[in-house]
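From first to last, the protein sequence lines stand for chains A and B.
For reference, each letter of the first sequence is one residue, going 4 to 316 in my numbering.
For reference, each letter of the second sequence is one residue, going 25 to 446 in my numbering.
No lab work stands behind these hints, which were simulated from the structure alone.
Misleading hints may appear alongside valid ones.
When the alpha-carbon atoms are kept at most 25 angstroms apart in a straight line, the in silico DMTMM-like pairs for lysine to aspartate or glutamate are as follows [unchecked claim]: (1) Lys205/B with Glu191/B; (2) Lys273/B with Asp151/A; (3) Lys132/B with Asp151/A; (4) Lys112/B with Glu70/A; (5) Lys132/B with Asp174/A; (6) Lys112/B with Asp151/A; (7) Lys204/B with Asp103/B; (8) Lys273/B with Asp174/A; (9) Lys204/B with Glu186/B.
Covered stretches of chain B (chain A as the covering partner; in silico rule of three or more C-beta atoms under 8 angstroms from a C-beta of chain A) [what the hints assert, rightly or not]: (10) 98 to 111; (11) 131 to 137; (12) 405 to 416.
No residue lacks a Cβ here, since even glycine has one placed at the ideal position from N, Cα and C.
Residues per chain are reported as follows:
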Amino acid sequence: MSAPAARAYRPPAPLGGRRGARVERRRTLTALGFLAPALVILGLFVAWPMLSALRLSFTDASGFGAEEWVGLDNYVRVFTDPDIRDAMLNTLWYTVLFTPTAVLIALALALVLNSPALPFRGFFRTALFLPFIVSLAVAAFAWSYLLDPRLGLLNHWLQGAGVQLGDVLEDPVLAMPAVALVAVWKNFGFYMVIFLAGLQDIPASLYEAARVDGAGAWLRFTNVTLPLLSNTFAFVLIFALIAALQAFDQIYVMTGGGPYGSTQTIVMEIYRSGFRRLELGFASALSYVLLIATLLLSIVQFVFFGRREKDLG
Amino acid sequence: MTRNITLAGVGAIAAAALVLTGCSAGGDSDADGPVELVFWHGYTEADGDVLEGIVDEFNESQDEVRISTEINTWDVIDDTLLPALSSKTGPDLVAMPAERFPVYAAKKAFIALDDFYADAASNAGDVVEGAKAMTEVDGTSYGVPIGFVPVAIYYDKAAFAEAGIAEVPADWDAWVEAAKKLTVDENGDGTPERYGMVLPDHATVGNGVWPSLLWGNGGDIVRDGAAVIDSPENAETLEFWRDAIANDKISPTGVDGIEADSVFSSGRAAMTFGGPWMTFIAGDAGIDYGIAPIPAGPQTQAASAIGLTLSITDQGDERKQEAAKQFLSFFLNDDNAAAWSLGSGWPPLRSGIPAEAVSENATVAALSQFTPFTRPLLPGVVNSTDVLSALDELTQRAMAGEDIAGLLEAAQSKVESALADQ
Chain A
4 MSAPAARAYR PPAPLGGRRG ARVERRRTLT ALGFLAPALV ILGLFVAWPM LSALRLSFTD
64 ASGFGAEEWV GLDNYVRVFT DPDIRDAMLN TLWYTVLFTP TAVLIALALA LVLNSPALPF
124 RGFFRTALFL PFIVSLAVAA FAWSYLLDPR LGLLNHWLQG AGVQLGDVLE DPVLAMPAVA
184 LVAVWKNFGF YMVIFLAGLQ DIPASLYEAA RVDGAGAWLR FTNVTLPLLS NTFAFVLIFA
244 LIAALQAFDQ IYVMTGGGPY GSTQTIVMEI YRSGFRRLEL GFASALSYVL LIATLLLSIV
304 QFVFFGRREK DLG
Chain B
25 MTRNITLAGV GAIAAAALVL TGCSAGGDSD ADGPVELVFW HGYTEADGDV LEGIVDEFNE
85 SQDEVRISTE INTWDVIDDT LLPALSSKTG PDLVAMPAER FPVYAAKKAF IALDDFYADA
145 ASNAGDVVEG AKAMTEVDGT SYGVPIGFVP VAIYYDKAAF AEAGIAEVPA DWDAWVEAAK
205 KLTVDENGDG TPERYGMVLP DHATVGNGVW PSLLWGNGGD IVRDGAAVID SPENAETLEF
265 WRDAIANDKI SPTGVDGIEA DSVFSSGRAA MTFGGPWMTF IAGDAGIDYG IAPIPAGPQT
325 QAASAIGLTL SITDQGDERK QEAAKQFLSF FLNDDNAAAW SLGSGWPPLR SGIPAEAVSE
385 NATVAALSQF TPFTRPLLPG VVNSTDVLSA LDELTQRAMA GEDIAGLLEA AQSKVESALA
445 DQ
């Protein structure tokens with residue numbers, strides 16, 4: 004029996020050189036060719052409008068007629084106008100009500116629905132996801148009627164149980180929690196599905212090892228599930244945060260920003276400035292302030308979760 | 025992954041920015057052939073049929089101008105007008121509620137019509153003074169009125185007969201007394217089965233209920249361009265009606281204008297505030313209704329107008345603008361002014377239309393009598409929607425029992441701020 008012939012090792016061609024550069028250029032051109040349609044669309048529908056809005060934010064544009072350069076006036080007004088300050092506080096309040104509630108409910112239900120012991124898991128997953136695919140406007144209308152003190156089924160049922168809910172959408176204290184809860188109902192199913200995907204990526208062997216080491220359910224959750232769900236958690240949290248900061252349609256339909264402006268959010272102020280007062284310059288400045296705030300909050304979360312992942316790693 | 029999320033956020037905001045930005049494209053009308061005009065309006069009921077008929081007749085009356093109409097709800101018109109005009113693809117003629125008109129006029133979205141009014145051939149020389157006032161900003165008119173009708177009282181004749189009330193009350197005290205008699209709480213649970221009236225405390229019909237009441241007691245919201253909402257007269261008015269609602273329970277609270285219509289049409293109130301459309305709502309509900317003016321306040325009798333304006337947009341095409349003026353003249357001529365009034369149920373827009381020309385429509389005949397004390401709502405106030413929001417907050421909170429002096433002070437500040445921004 005003869006020994007197998009040793010295969011000669013041939014090192015890869017050195018990088019650089021005329022032939023290498025040609026190949027590299029061809030690859031770049033090919034990549035650009037494939038990317039071109041997306042780049043054109045992004046440029047036309049994202050970059051150009053963003054740049055146009057940035058320019059508008061330094062003018063007193065109304066959409067027609069002449070426009071004048073006003074420098075930073077619009078930005079100064081964003082931070083001095085009491086209505087905008089109230090809208091910022093409202094947006095913050097809505098974010099605090101919506102984001103943790105939606106994320107925690109989604110996580111809790113994902114943990115329950117990930118258990119193989121639970122019967123009818125598919126049915127429950129579908130049922131809880133369904134509100135997410137309902138049109139936002141339809142959901143908002145339906146909840147407005149459900150909550151109506153004169154027509155609403157919810158009030159009718161609660162009255163039967165001796166509870167007087169009243170007109171929550173006309174109550175300046177209860178209106179914001181009410182719209183935030185409807186938003187939670189509408190969105191938690193989506194976040195739950197993302198958590199479920201994250202949970203299913205965690206190898207079962209880790210849980211087995213933890214069990215062997217004597218870890219109970221809580222220790223397995225805190226030492227296995229949570230660390231390995233860190234990326235998913237960051238994704239869901241940032242997504243929920245952006246949704247909260249950009250809340251508009253549902254609130255517009257349910258309360259129109261009322262009562263007394265108690266549910267008036269930043270995006271509703273952008274709409275009011277742009278389409279009701281025809282102050283496109285100011286609306287653009289407000290849009291940019293919201294954009295920067297959203298980016299900053301996203302970056303903070305990104306850094307926090309990135310560091311946490313690194314520490315755990 | 026996180027970067028993708030961030031990009032998604034940026035994209036979403038950029039999409040909003042796209043809407044705000046619009047794009048620009050111009051174009052003149054074809055020099056040959058008839059001038060083609062587009063007319064946006066929101067009349068969808070019998071009034072819409074009458075307006076479409078007037079447009080058809082205009083098209084048949086000459087060969088130089090052709091008008092096509094696009095009908096949408098008033099809200100949709102308001103939401104789409106800005107992007108349409110900013111991209112120079114907007115309508116040439118547009119009708120809109122009077123409270124939304126001044127902001128467009130002030131931003132020069134419409135052409136000035138002072139010359140048009142000065143031209144004897146325009147048929148606009150005798151347009152009702154109050155109706156014309158609602159088309160003016162800084163003393164210049166940017167449109168013609170297409171609707172000017174007072175907020176009035178619509179009442180249930182059977183309920184009045186049952187309560188033994190023979191005449192419609194003429195002043196506030198008699199009005200509240202009548203409302204008390206009409207209020208029925210059969211089971212004594214403190215919630216009447218039928219209220220004497222339904223007085224909406226926010227988003228009222230045409231936003232004109234509370235201005236009418238404030239004027240009746242000598243108060244006002246904006247006078248000569250200045251905020252005057254924080255006044256002893258207004259405080260007195262709010263106290264008076266809060267007392268009537270809270271103590272005498274003559275009206276439900278927390279109701280807006282749309283809900284008020286349903287409270288009346290379902291028989292749960294004997295009187296309501298409304299416009300001509302209430303005749304259809306009451307008729308459909310089988311209510312034998314009567315129409316009466318808002319009773320006189322301690323100082324005067326006044327009713328806010330529910331107003332609509334018709335304007336020519338400024339998109340840089342003078343040929344189209346001149347053609348649009350031809351239609352305005354046609355719309356205001358004797359025959360069409362009377363036909364529009366009869367068909368829409370709204371009083372004539374010109375003082376020169378004789379009463380007998382519209383007497384066959386009982387609603388028009390009744391409402392026309394109220395024209396002398398009908399006032400335009402916040403004429404020339406550019407940010408009128410902000411002023412009306414402040415008024416809504418004031419009335420809603422006042423009727424809910426909050427301190428009136430503090431509320432008036434806050435409303436004064438908000439109205440001043442809205443006026444300063446214009």
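Hints, one by one, checked against the model:
no.: 1; hint: Lys205/B with Glu191/B; verdict: holds (13 angstroms)
no.: 2; hint: Lys273/B with Asp151/A; verdict: holds (21 angstroms)
no.: 3; hint: Lys132/B with Asp151/A; verdict: violated (41 angstroms)
no.: 4; hint: Lys112/B with Glu70/A; verdict: holds (16 angstroms)
no.: 5; hint: Lys132/B with Asp174/A; verdict: violated (39 angstroms)
no.: 6; hint: Lys112/B with Asp151/A; verdict: violated (42 angstroms)
no.: 7; hint: Lys204/B with Asp103/B; verdict: violated (43 angstroms)
no.: 8; hint: Lys273/B with Asp174/A; verdict: holds (20 angstroms)
no.: 9; hint: Lys204/B with Glu186/B; verdict: holds (13 angstroms)
no.: 10; hint: 98 to 111; verdict: holds (count 6)
no.: 11; hint: 131 to 137; verdict: holds (count 3)
no.: 12; hint: 405 to 416; verdict: holds (count 5)
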